[in-house]
Amino acid sequence: MTGPLSMLNPGWLLIAVGIVALFLPMRRVRQGLTIAAPIIAIVLLSLADQNINHLSAQAMGIDFIFYRVDSLSFIFGLAFLLAALLNAIYAWHTDDRLQDGMAIAYAGAAVAATFSGDMMSLFVFWELTAVTSVFLILRAGTRAAYFASMRYLAIQVLSGVLLLAGIAYVYHSRGDLSIQAFTSLKEPGAILVFIALGIKAAFPFLHNWLQDSYPKATVVGAVVLSAFTTKLAVYAFARMFPGHDALIWIGAVMTVFPVFFAVIENDLRKVLAYSLNNQVGFMICAIGLGATGVGDALALNGASAHAFCHIIYKGLLFMSMGAVLYRTGTTKASELGGLYKSMPWTTVFCIIGAMSISAFPLFSGFAAKSLTMSAVGHEGYTVVWLMLLFASAGVLEHSGIKIPYFAFFGHDSGKRVKEAPFNMLLAMGLASFICIAVGIPAIVPGLGYEWLYNLLPYREEAMAYNPFTLGHVLTQMQLLVLAIFAFVMLKRLGWYPAEKPGVVLDTDWVYRKAGYGLFTWAGTIWQKAGPAMTAVFFKLTGRAYDRIEDTFSPRGELARGRLGSAMAIWTAILLGLVLLLAFITSS
Amino acid sequence: MSDETPNDTRDSNGRFVKRAAETAHRLHTPSEEGVHPVAKILFGWTENKRSGTFIFWGVAVLSMVLIVADLGVPRHEYVEIAHATGFYALWGFCSFAFVVLMGWPLARLLRRKEDYYGDPGGPPVDIDPDMPVEPSAEGTYHYEGDED
Numbered sequence: 001m002t003g004p005l006s007m008l009n010p011g012w013l014l015i016a017v018g019i020v021a022l023f024l025p026m027r028r029v030r031q032g033l034t035i036a037a038p039i040i041a042i043v044l045l046s047l048a049d050q051n052i053n054h055l056s057a058q059a060m061g062i063d064f065i066f067y068r069v070d071s072l073s074f075i076f077g078l079a080f081l082l083a084a085l086l087n088a089i090y091a092w093h094t095d096d097r098l099q100d101g102m103a104i105a106y107a108g109a110a111v112a113a114t115f116s117g118d119m120m121s122l123f124v125f126w127e128l129t130a131v132t133s134v135f136l137i138l139r140a141g142t143r144a145a146y147f148a149s150m151r152y153l154a155i156q157v158l159s160g161v162l163l164l165a166g167i168a169y170v171y172h173s174r175g176d177l178s179i180q181a182f183t184s185l186k187e188p189g190a191i192l193v194f195i196a197l198g199i200k201a202a203f204p205f206l207h208n209w210l211q212d213s214y215p216k217a218t219v220v221g222a223v224v225l226s227a228f229t230t231k232l233a234v235y236a237f238a239r240m241f242p243g244h245d246a247l248i249w250i251g252a253v254m255t256v257f258p259v260f261f262a263v264i265e266n267d268l269r270k271v272l273a274y275s276l277n278n279q280v281g282f283m284i285c286a287i288g289l290g291a292t293g294v295g296d297a298l299a300l301n302g303a304s305a306h307a308f309c310h311i312i313y314k315g316l317l318f319m320s321m322g323a324v325l326y327r328t329g330t331t332k333a334s335e336l337g338g339l340y341k342s343m344p345w346t347t348v349f350c351i352i353g354a355m356s357i358s359a360f361p362l363f364s365g366f367a368a369k370s371l372t373m374s375a376v377g378h379e380g381y382t383v384v385w386l387m388l389l390f391a392s393a394g395v396l397e398h399s400g401i402k403i404p405y406f407a408f409f410g411h412d413s414g415k416r417v418k419e420a421p422f423n424m425l426l427a428m429g430l431a432s433f434i435c436i437a438v439g440i441p442a443i444v445p446g447l448g449y450e451w452l453y454n455l456l457p458y459r460e461e462a463m464a465y466n467p468f469t470l471g472h473v474l475t476q477m478q479l480l481v482l483a484i485f486a487f488v489m490l491k492r493l494g495w496y497p498a499e500k501p502g503v504v505l506d507t508d509w510v511y512r513k514a515g516y517g518l519f520t521w522a523g524t525i526w527q528k529a530g531p532a533m534t535a536v537f538f539k540l541t542g543r544a545y546d547r548i549e550d551t552f553s554p555r556g557e558l559a560r561g562r563l564g565s566a567m568a569i570w571t572a573i574l575l576g577l578v579l580l581l582a583f584i585t586s587s
Numbered sequence: 001m002s003d004e005t006p007n008d009t010r011d012s013n014g015r016f017v018k019r020a021a022e023t024a025h026r027l028h029t030p031s032e033e034g035v036h037p038v039a040k041i042l043f044g045w046t047e048n049k050r051s052g053t054f055i056f057w058g059v060a061v062l063s064m065v066l067i068v069a070d071l072g073v074p075r076h077e078y079v080e081i082a083h084a085t086g087f088y089a090l091w092g093f094c095s096f097a098f099v100v101l102m103g104w105p106l107a108r109l110l111r112r113k114e115d116y117y118g119d120p121g122g123p124p125v126d127i128d129p130d131m132p133v134e135p136s137a138e139g140t141y142h143y144e145g146d147e148d
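If you read the sequences in order, they're chains V and E.
Taking UniProt numbering, the leading residue of the first sequence gets 1, the next gets one more, and so forth.
Taking UniProt numbering, the leading residue of the second sequence gets 1, the next gets one more, and so forth.
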């Protein structure tokens, strides 16, 4: 494609539409724009030539690359745009200019960052994702959401500041800001960028902003939030840190620990937030495989395919829980149950999302996760492979079974509500279609999972991989069916813990309770100790001043009487020494 | 029900359009108990008292079939331990059971009251405006911590 449109980063189009939407009171026109923009952006992206700079500029001696597409950014950008489209349809029933505008601008910022070819452009859009997305939490209008959004913003901005500091170091050492893979994690610039990305990817101990904020967002907001921030970080890792061993273990830990939190969490949107953490772990782990700075083709394909499928099926799960929240006013498992009676279509779509994330054969998760699992096994990381396999059973527990079972089946809460609005069902239906369409075998060549594999960064390696071997399907079914058997057995025995209301402590306790407590304690202490310390200070300085005045002032001790001969000699000696020292130091 | 169908939706064959409209209407109209008709078609079987037993034994038999099938299906594995017959089945069962059973001690260790951090918040403002508002069972929250 040539002409001015070829230079338009699709993300910029979405950001522009987002700004227009903020000021457009005509509801249907505004919403029509938010649906049309991702469709036009997908067309623009599909027509864009790959591996060339479509728009670049030079300023202050720095080369800025505003729009560049390659096979890695294409798959992430496409997934973001599809998510933006589904989100806009999902939000059709609302009338909220701020939310409409910020949702599409947030998507646009993520897309624009994905197609940025230099670190400074990446930083600008990195920060824009934070600034736009915070409104999706804030708009929930509750007191808890307000505080959560402030914590969210602080942590996101911290990530941006670290990224900027890292970029400064990189510019100092490299002399240019083009996005390249780091070959070492020893230089300060690389470490700062790594931590900045790690915050957004919700690394262990840096993860709790996610579980704190997403479940407190609006119905639509949580769906929008689930797609972009963490996957943008995954993209940035795949771009800048492929093959770094640290990521293998960080990713493996990320897949395992959220499983334990999710099992005891009562808020089903928070369960999904933990599940998000777990899924991003698979992608991070895959990015860490292979040669440092290069990565492993099969694994990078796995991370990309997983990100694409995850954006859709996690969005679908958040949509289904959003529909439940919209109709019932809660997503607490202890208050739900039996909703299949009044929301059967939502139930069906939720089950499709649950089967996709659990990687059942014929669903998208299977086609995507298989690549990562094979790559980990192939590279010989047996312990990591076992951890990921454990986490796969864990995903089935919290996202595959817990979400649909406690919301739609289980104990009947007696809630009889209306089915979700049509636009929500349409968005969920489309997401379900994608989940199945990219998960089925390629009966028609080029369709089914092959359609997805064709878009992956290492196309030839992807097309040579067949997830539907008899052995692979059998082993995956063994894992899942026996895990389901464990569920029905534990339920039958009454050993499955009941869902109870409550908040589960996590690492945010450190700053929400201990840190806050420390600050308030320090404040109280200062209020009491401050005046006393000030009084002591003034007393001591007052005394010192009095002494000095008594000695050196015109009325002081030294001003009295005549200058003695001994004092004249000592003064001469002192001046002589100063002169000698001056000579020595100057020579 | 049929009275609500406007006469002008009938075509020259009359009955066919009316029936289709009635069928569509029936499929989208919840019963007096609030149960959606599609729910009865898709999930009505779960209300059977014996469905739990049926699912249990169904999954048990399927599990056995999958393990037995493992004996006859050639597998290409990268990890040595995965060659063992039924390895995935055992790993899946044990992992799931471990995660669930760990829920008991972890809940005791980590679960606190909902207002532990202060105001736990209610539903967001963009929920269904037609939703019947139920009084909060929690009553007035005691504010403390950073959200005081």
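Hints are computed from structural coordinates only; laboratory data are not their basis.
Virtual Cβ for every residue (Gly too), placed ideally from N, Cα, C.
Possibly wrong hints are sitting among the right ones.
[Unchecked claim] Computed cross-link-like contacts, BS3-like style, restricted to lysine-lysine with a CA-CA straight-line distance of at most 27 Å:
1) E/K113 - V/K513
2) E/K40 - V/K491
3) V/K418 - E/K113
4) V/K491 - E/K49
[Unchecked claim] If you want the footprint, here are the derived chain V segments under chain E, 3+ residues with CB under 8 Å:
5) 428-438
6) 475-482
Q) Count the residues of the region 475-482 of chain V with a beta-carbon closer than 8 Å to any beta-carbon of chain E: does the count reach three? A) holds (count 8)
(Q) Holds or violated: V/K491 and E/K49, Cα atoms, limit 27 Å. (A) holds, 15 Å
(Q) If you count the residues of the region 428-438 of chain V with a beta-carbon closer than 8 Å to a beta-carbon of chain E, do you get 3 or more? (A) violated (count 0)
Q. For the pair supplied as a hint, E/K113 and V/K513, is the alpha-carbon distance within the 27 Å limit?
A. holds, 14 Å
Q. Taking 27 Å as the top limit, are the C-alpha atoms of E/K40 and V/K491 close enough?
A. holds, 24 Å
Q. Holds or violated: are the alpha carbons of V/K418 and E/K113 at most 27 Å from each other?
A. With a Cα-Cα distance of about 31 Å, the restraint between V/K418 and E/K113 is violated, given a limit of 27 Å.
In this structure, the hints that do not hold are numbers 3, 5, in rising order.
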